[in-house]
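Novice: With the hints as constraints, model all of the structure from the sequences given.
Chains as they are written, first to last, in our numbering: chain A, 1 to 560; chain B, 1 to 560.
Read the hints as simulated data drawn from the structure, not as lab findings. It is possible that part of the hints are untrue.
[As the list claims (entries may be wrong)] Covered stretches of chain A, going by a simulated chain B footprint (3 or more residues, C-beta under 8 angstroms): (1) 368-375; (2) 429-441.
[Unchecked claim] Derived contacts from chain B toward chain A, CB cut-off under 8 angstroms, selection only: (3) D409; (4) D413; (5) D432.
A virtual CB, placed ideally from N, CA and C, is assigned to each residue, including glycine.
In case you want the letters, here they are:
There are 2 protein chains.
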Amino acid sequence: MSGPMKVVIIGGVAAGPKTASKVIRLLPETEVTIVEQGELLSYAGCGLPYYVSGVVKQQKELLSTPIGVVRDPVFFRNVKNVHVLNRTEALKIDRAGKRVRVRALQSGEESWLDYEKLVLATGGTPVVPPIPHVGLENIFTLHGVHDAEGIRAVLAEGKARDVVIVGGGLIGVETTEALVESGCRVTIVEMLPQVLNVLDWEMAKLVERHMESHGVKVLTGSKVLSFEGNGRVSAVVTEHGTLPADMVVLAVGVRPNVGLAREAGLEIGTTGAIRVDDHMRTSDPDVYAAGDCVESVDLVTGRPCFVPLGSTANKQGRVAAVNLCGGEDVFPGVLGSTVCKVFNYCVARTGLTETAAKQLGYEATTALAPGPDRAHYMPGAAPLLLKLVVDRKTRKLLGAQAIGPGAGDKRIDVAAMALTAGMTIDQLANVDLCYAPPYAPAMDNIITAANVVRNKLDGKMVGISPQEVRQMMNAKEDFVLLDVRSPAEYEEVRLPGSTSIPLGTLRKLVGKLPKDKRIVTFCKVSLRGYEAALILKAAQFENVSVMDGGIAMWPYEKVA
Amino acid sequence: MSGPMKVVIIGGVAAGPKTASKVIRLLPETEVTIVEQGELLSYAGCGLPYYVSGVVKQQKELLSTPIGVVRDPVFFRNVKNVHVLNRTEALKIDRAGKRVRVRALQSGEESWLDYEKLVLATGGTPVVPPIPHVGLENIFTLHGVHDAEGIRAVLAEGKARDVVIVGGGLIGVETTEALVESGCRVTIVEMLPQVLNVLDWEMAKLVERHMESHGVKVLTGSKVLSFEGNGRVSAVVTEHGTLPADMVVLAVGVRPNVGLAREAGLEIGTTGAIRVDDHMRTSDPDVYAAGDCVESVDLVTGRPCFVPLGSTANKQGRVAAVNLCGGEDVFPGVLGSTVCKVFNYCVARTGLTETAAKQLGYEATTALAPGPDRAHYMPGAAPLLLKLVVDRKTRKLLGAQAIGPGAGDKRIDVAAMALTAGMTIDQLANVDLCYAPPYAPAMDNIITAANVVRNKLDGKMVGISPQEVRQMMNAKEDFVLLDVRSPAEYEEVRLPGSTSIPLGTLRKLVGKLPKDKRIVTFCKVSLRGYEAALILKAAQFENVSVMDGGIAMWPYEKVA
Numbered sequence: 001m002s003g004p005m006k007v008v009i010i011g012g013v014a015a016g017p018k019t020a021s022k023v024i025r026l027l028p029e030t031e032v033t034i035v036e037q038g039e040l041l042s043y044a045g046c047g048l049p050y051y052v053s054g055v056v057k058q059q060k061e062l063l064s065t066p067i068g069v070v071r072d073p074v075f076f077r078n079v080k081n082v083h084v085l086n087r088t089e090a091l092k093i094d095r096a097g098k099r100v101r102v103r104a105l106q107s108g109e110e111s112w113l114d115y116e117k118l119v120l121a122t123g124g125t126p127v128v129p130p131i132p133h134v135g136l137e138n139i140f141t142l143h144g145v146h147d148a149e150g151i152r153a154v155l156a157e158g159k160a161r162d163v164v165i166v167g168g169g170l171i172g173v174e175t176t177e178a179l180v181e182s183g184c185r186v187t188i189v190e191m192l193p194q195v196l197n198v199l200d201w202e203m204a205k206l207v208e209r210h211m212e213s214h215g216v217k218v219l220t221g222s223k224v225l226s227f228e229g230n231g232r233v234s235a236v237v238t239e240h241g242t243l244p245a246d247m248v249v250l251a252v253g254v255r256p257n258v259g260l261a262r263e264a265g266l267e268i269g270t271t272g273a274i275r276v277d278d279h280m281r282t283s284d285p286d287v288y289a290a291g292d293c294v295e296s297v298d299l300v301t302g303r304p305c306f307v308p309l310g311s312t313a314n315k316q317g318r319v320a321a322v323n324l325c326g327g328e329d330v331f332p333g334v335l336g337s338t339v340c341k342v343f344n345y346c347v348a349r350t351g352l353t354e355t356a357a358k359q360l361g362y363e364a365t366t367a368l369a370p371g372p373d374r375a376h377y378m379p380g381a382a383p384l385l386l387k388l389v390v391d392r393k394t395r396k397l398l399g400a401q402a403i404g405p406g407a408g409d410k411r412i413d414v415a416a417m418a419l420t421a422g423m424t425i426d427q428l429a430n431v432d433l434c435y436a437p438p439y440a441p442a443m444d445n446i447i448t449a450a451n452v453v454r455n456k457l458d459g460k461m462v463g464i465s466p467q468e469v470r471q472m473m474n475a476k477e478d479f480v481l482l483d484v485r486s487p488a489e490y491e492e493v494r495l496p497g498s499t500s501i502p503l504g505t506l507r508k509l510v511g512k513l514p515k516d517k518r519i520v521t522f523c524k525v526s527l528r529g530y531e532a533a534l535i536l537k538a539a540q541f542e543n544v545s546v547m548d549g550g551i552a553m554w555p556y557e558k559v560a
Numbered sequence: 001m002s003g004p005m006k007v008v009i010i011g012g013v014a015a016g017p018k019t020a021s022k023v024i025r026l027l028p029e030t031e032v033t034i035v036e037q038g039e040l041l042s043y044a045g046c047g048l049p050y051y052v053s054g055v056v057k058q059q060k061e062l063l064s065t066p067i068g069v070v071r072d073p074v075f076f077r078n079v080k081n082v083h084v085l086n087r088t089e090a091l092k093i094d095r096a097g098k099r100v101r102v103r104a105l106q107s108g109e110e111s112w113l114d115y116e117k118l119v120l121a122t123g124g125t126p127v128v129p130p131i132p133h134v135g136l137e138n139i140f141t142l143h144g145v146h147d148a149e150g151i152r153a154v155l156a157e158g159k160a161r162d163v164v165i166v167g168g169g170l171i172g173v174e175t176t177e178a179l180v181e182s183g184c185r186v187t188i189v190e191m192l193p194q195v196l197n198v199l200d201w202e203m204a205k206l207v208e209r210h211m212e213s214h215g216v217k218v219l220t221g222s223k224v225l226s227f228e229g230n231g232r233v234s235a236v237v238t239e240h241g242t243l244p245a246d247m248v249v250l251a252v253g254v255r256p257n258v259g260l261a262r263e264a265g266l267e268i269g270t271t272g273a274i275r276v277d278d279h280m281r282t283s284d285p286d287v288y289a290a291g292d293c294v295e296s297v298d299l300v301t302g303r304p305c306f307v308p309l310g311s312t313a314n315k316q317g318r319v320a321a322v323n324l325c326g327g328e329d330v331f332p333g334v335l336g337s338t339v340c341k342v343f344n345y346c347v348a349r350t351g352l353t354e355t356a357a358k359q360l361g362y363e364a365t366t367a368l369a370p371g372p373d374r375a376h377y378m379p380g381a382a383p384l385l386l387k388l389v390v391d392r393k394t395r396k397l398l399g400a401q402a403i404g405p406g407a408g409d410k411r412i413d414v415a416a417m418a419l420t421a422g423m424t425i426d427q428l429a430n431v432d433l434c435y436a437p438p439y440a441p442a443m444d445n446i447i448t449a450a451n452v453v454r455n456k457l458d459g460k461m462v463g464i465s466p467q468e469v470r471q472m473m474n475a476k477e478d479f480v481l482l483d484v485r486s487p488a489e490y491e492e493v494r495l496p497g498s499t500s501i502p503l504g505t506l507r508k509l510v511g512k513l514p515k516d517k518r519i520v521t522f523c524k525v526s527l528r529g530y531e532a533a534l535i536l537k538a539a540q541f542e543n544v545s546v547m548d549g550g551i552a553m554w555p556y557e558k559v560a
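Specialist: Structure follows, in structure tokens:
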């Protein structure tokens with residue numbers, strides 16, 4: 001081989017430019033060419049909802065480096081020494097000949113690009129469901145800058161009063177907030193029984209309540225049957241009625257772009273994305289792939305998974321570059337760590353949900369632990385609702401979820417580290433996290449949550465989920481739902497059918513409770529509920545459970 | 001043994017009440033007695049600076065549970081079934097007789113309390129240095145609620161204009177902010193060459209600059225010789241002059257209260273605190289100890305250390321309770337994780353500093369990595385300056401420090417988890433942390449910092465610290481200090497003697513630079529500085545280094 005190494009990278013949004021930059025840093029003489037179908041390169045796709053809402057004012061900001069330099073082909077040439085062919089489509093990979101057929105979209109001219117190493121960073125495409133009339137005007141997806149510009153143009157006209165979001169996943173929820181901030185009346189229509197399927201049901205319901213408090217209509221368990229309109233969309237027909245709609249955003253998922261890879265005979269994984277090893281190498285050792293077009297390994301289960309995220313794309317791009325330059329780096333896999341802003345809630349999660357854990361055969365024990373995210377006496381202390389999922393057999397953490405105005409992203413990052421290290425809940429309970437009143441309670445929320453799980457695992461506490469309590473209510477079972485909060489708290493808001501005995505008086509009034517009935521104790525967060533259960537247990541009550549998460553995490557209606 | 005177990009706990013602030021509550025939860029029949037010298041129980045000592053500043057309005061808030069119930073002896077009796085003897089001094093432990101001699105401070109009455117298990121939670125005492133006239137009025141420590149009330153009373157008089165804080169450690173710095181917020185002119189006098197000795201020098205200097213920008217005078221390397229005043233303090237005499245002072249706060253450290261333990265013949269550790277095993281048991285198997293009176297194990301070095309913190313006290317109290325009730329729990333040790341609010345900076349750290357690591361014989365490699373704490377295009381993105389310390393031999397993380405207005409506590413908690421798990425920098429670089437634009441950059445700050453260290457370890461980048469560059473300047477060495485930021489950035493602020501060649505033009509202008517001189521490149525954060533070094537390296541320049549942390553982390557004066 002004579003001359004410098006030739007690297008061709010197909011895709012110029014996230015993993016592609018990252019790979020290109022790192023290759024040049026490692027081997028500056030390399031001839032790196034990025035082939036990108038669109039005009040724009042290296043844009044912050046995850047920032048699009050904030051561009052729609054106007055939080056991000058100019059398109060340029062999404063295309064710039066932190067110091068404001070736009071990442072255009074000139075930038076890549078001068079700063080990175082990377083050649084960029086934008087508005088250019090990759091048509092075909094000739095693996096035997098080690099070349100890629102490309103077509104310049106403006107001129108229509110076709111040519112071959114030779115490569116020594118090829119990187120597929122072809123990304124994903126938003127799914128457009130085959131619903132009748134899905135081609136009407138003002139029906140958008142939100143995937144590229146172009147989509148965002150389309151939505152902004154409709155908003156600028158000032159006529160998009162009613163908007164329907166089809167799909168309540170992460171992008172649907174982020175887009176909902178963006179459109180509410182823009183003054184729209186938004187309805188989310190979701191086929192599944194809950195939004196944000198990456199959360200457990202009761203956590204998702206609390207997010208739905210929060211969105212409703214901001215005027216959003218949430219229709220779960222509801223399928224879209226067709227769109228109506230004359231040229232422009234005017235209504236969405238669902239199983240449960242017709243919704244007026246001046247605009248529709250489809251957010252039903254992203255499919256990996258694997259056409260080129262498949263035609264070239266590269267292995268496609270069980271998830272439908274390109275299969276790579278932990279070096280980001282495809283089934284052809286000279287072809288790497290990274291970003292939204294590849295599948296990853298789930299670090300908790302060891303199974304393949306498809307979790308397209310910008311953070312993962314960047315890490316994978318670096319790993320691909322190191323390896324294709326002859327170095328050695330490993331991308332171990334993902335945890336499905338995600339965070340999402342939903343009005344003033346931070347919603348975050350990592351690892352397995354309880355539902356997923358149980359489906360996979362784990363004997364999952366959980367904690368619902370609400371509490372302030374810093375010392376409760378500090379102004380700015382904000383509620384944070386945590387859920388931990390733990391394997392009863394190994395006592396290892398399996399997953400964590402956080403919602404609320406408090407700093408949930410911090411606790412979920414800590415949980416992600418615990419998952420990466422395979423920590424048990426006992427180890428997690430004693431980690432030395434930072435403490436000062438403006439940042440955390442003396443016992444950090446995740447440590448308190450870990451201790452709740454330990455109490456359950458060690459048989460110190462019998463928990464009952466809000467869902468089970470609700471079932472008992474619906475079945476009109478004869479049990480005592482014992483609220484041990486203060487009279488003032490009870491006055492403010494309570495659960496239907498509950499009995500009030502404040503914790504401070506329980507020792508004296510314990511004789512008033514029936515010993516032959518099941519008693520479910522709770523308070524605001526269920527710490528006092530736990531103390532109450534212990535007092536009852538000491539007084540020879542035998543059928544006592546503590547409701548997980550207290551009234552703070554009750555996902556159904558309350559009596560005010 | 002007949003009847004329920006008797007547990008006596010000496011100390012009622014943090015570890016003591018925690019132990020008591022947990023013992024009662026585990027074995028409700030236990031007779032638990034807390035002996036507390038002061039009147040107040042279970043108060044939030046770490047909240048005292050915020051009570052001084054008025055951020056926390058009422059004393060009561062520091063004494064209450066999250067739902068506003070004051071933790072007084074009646075609360076402990078009715079809710080916890082714990083007997084409290086406050087205003088009671090423990091005089092002597094009779095280990096052979098398994099009893100404690102106590103004296104009620106009001107009546108002077110003495111009596112014996114029998115125990116089966118004893119817990120020492122005697123806490124610490126602020127050090128009062130033997131400086132002449134230290135007994136003058138208006139010279140305070142800030143350790144208990146009583147101290148805070150004293151300082152508040154002086155502030156309420158409105159005459160405390162000039163305040164001197166003796167000691168620039170965590171408490172000194174937190175108190176400084178509290179007093180500036182109260183309208184005082186504050187000077188910190190610190191004997192060492194820097195404040196916050198838990199940070200490396202260049203990080204501490206950046207905190208000093210920040211305090212100075214809020215009007216604080218910081219005198220480092222300066223010893224207090226005496227206090228002056230007529231009854232009340234009026235001045236502080238230091239090695240470098242006399243400072244006017246209407247009030248003085250002594251914040252030179254905390255000593256563990258080990259008198260009772262020592263007299264009872266219990267083993268005292270090398271740090272001067274009570275020695276305990278990982279079950280929180282002292283050298284007497286029936287005597288446990290927890291909180292600010294015990295020493296811990298440093299999880300990085302395995303050596304004993306004394307790091308008194310409220311978070312640790314609470315965890316240790318729980319572990320002591322589980323074990324003394326016959327269960328099994330382990331407190332593994334600490335990392336010295338700490339966070340502290342300094343005006344609008346979050347200052348956080350965990351593990352070893354570079355200085356400590358080198359003193360212990362580690363071959364420490366570091367990264368200084370500044371950057372926005374979330375996607376740079378999001379409003380609210382705030383600068384965060386990270387430092388990582390890594391062992392070159394094992395590639396394991398040894399410690400981390402964060403300063404700046406950005407969310408440093410989150411990254412230091414992640415680092416603490418990495419230290420707990422013994423992770424290498426390579427593992428840390430690929431962890432799946434949460435990403436969305438309002439919460440993090442696509443490559444989280446700690447992942448970027450980890451990659452900088454990897455580049456150095458792998459010989460891709462030669463770093464040079466700002467301290468070394470400063471020494472070269474002082475020694476008038478002939479080198480090129482190459483600023484590759486944009487002309488606009490250079491215009492705004494620059495380093496003395498630097499040469500400006502923006503990165504975008506460097507490839508063309510590379511011929512203008514001398515090949516025989518050392519070149520030190522930098523930019524705002526030194527990512528462009530790193531790119532510049534790679535361009536120079538490719539152009540056959542042989543003596544090129546990148547200045548760690550860029551101009552953002554330059555701890556000396558700049559030219560504006």
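Novice: If a hint holds in the structure, say so; if it doesn't, say that too.
Specialist: These are the hints, each one checked on the structure:
1. Residue count for the segment 368-375 of chain A with a Cβ under 8 angstroms from a Cβ of chain B: 3. That meets the three needed, and the coverage hint holds.
2. Coverage of the segment 429-441 of chain A by chain B holds [criterion: at least 3 residues with CB-CB distance below 8 angstroms; count 12].
3. Below 8 angstroms, beta-carbon pairs count as interface contacts, and B/D409 has one with chain A at about 5 angstroms; its hint therefore holds.
4. Annotation: B/D413 was flagged as interfacial toward chain A, and the flag holds, the nearest CB pair being 5 angstroms apart, inside 8 angstroms.
5. Hint status for B/D432 relative to chain A: holds, with the closest Cβ pair at about 4 angstroms, below 8 angstroms.
Checked against the numbered hints given earlier, this structure breaks none of them.
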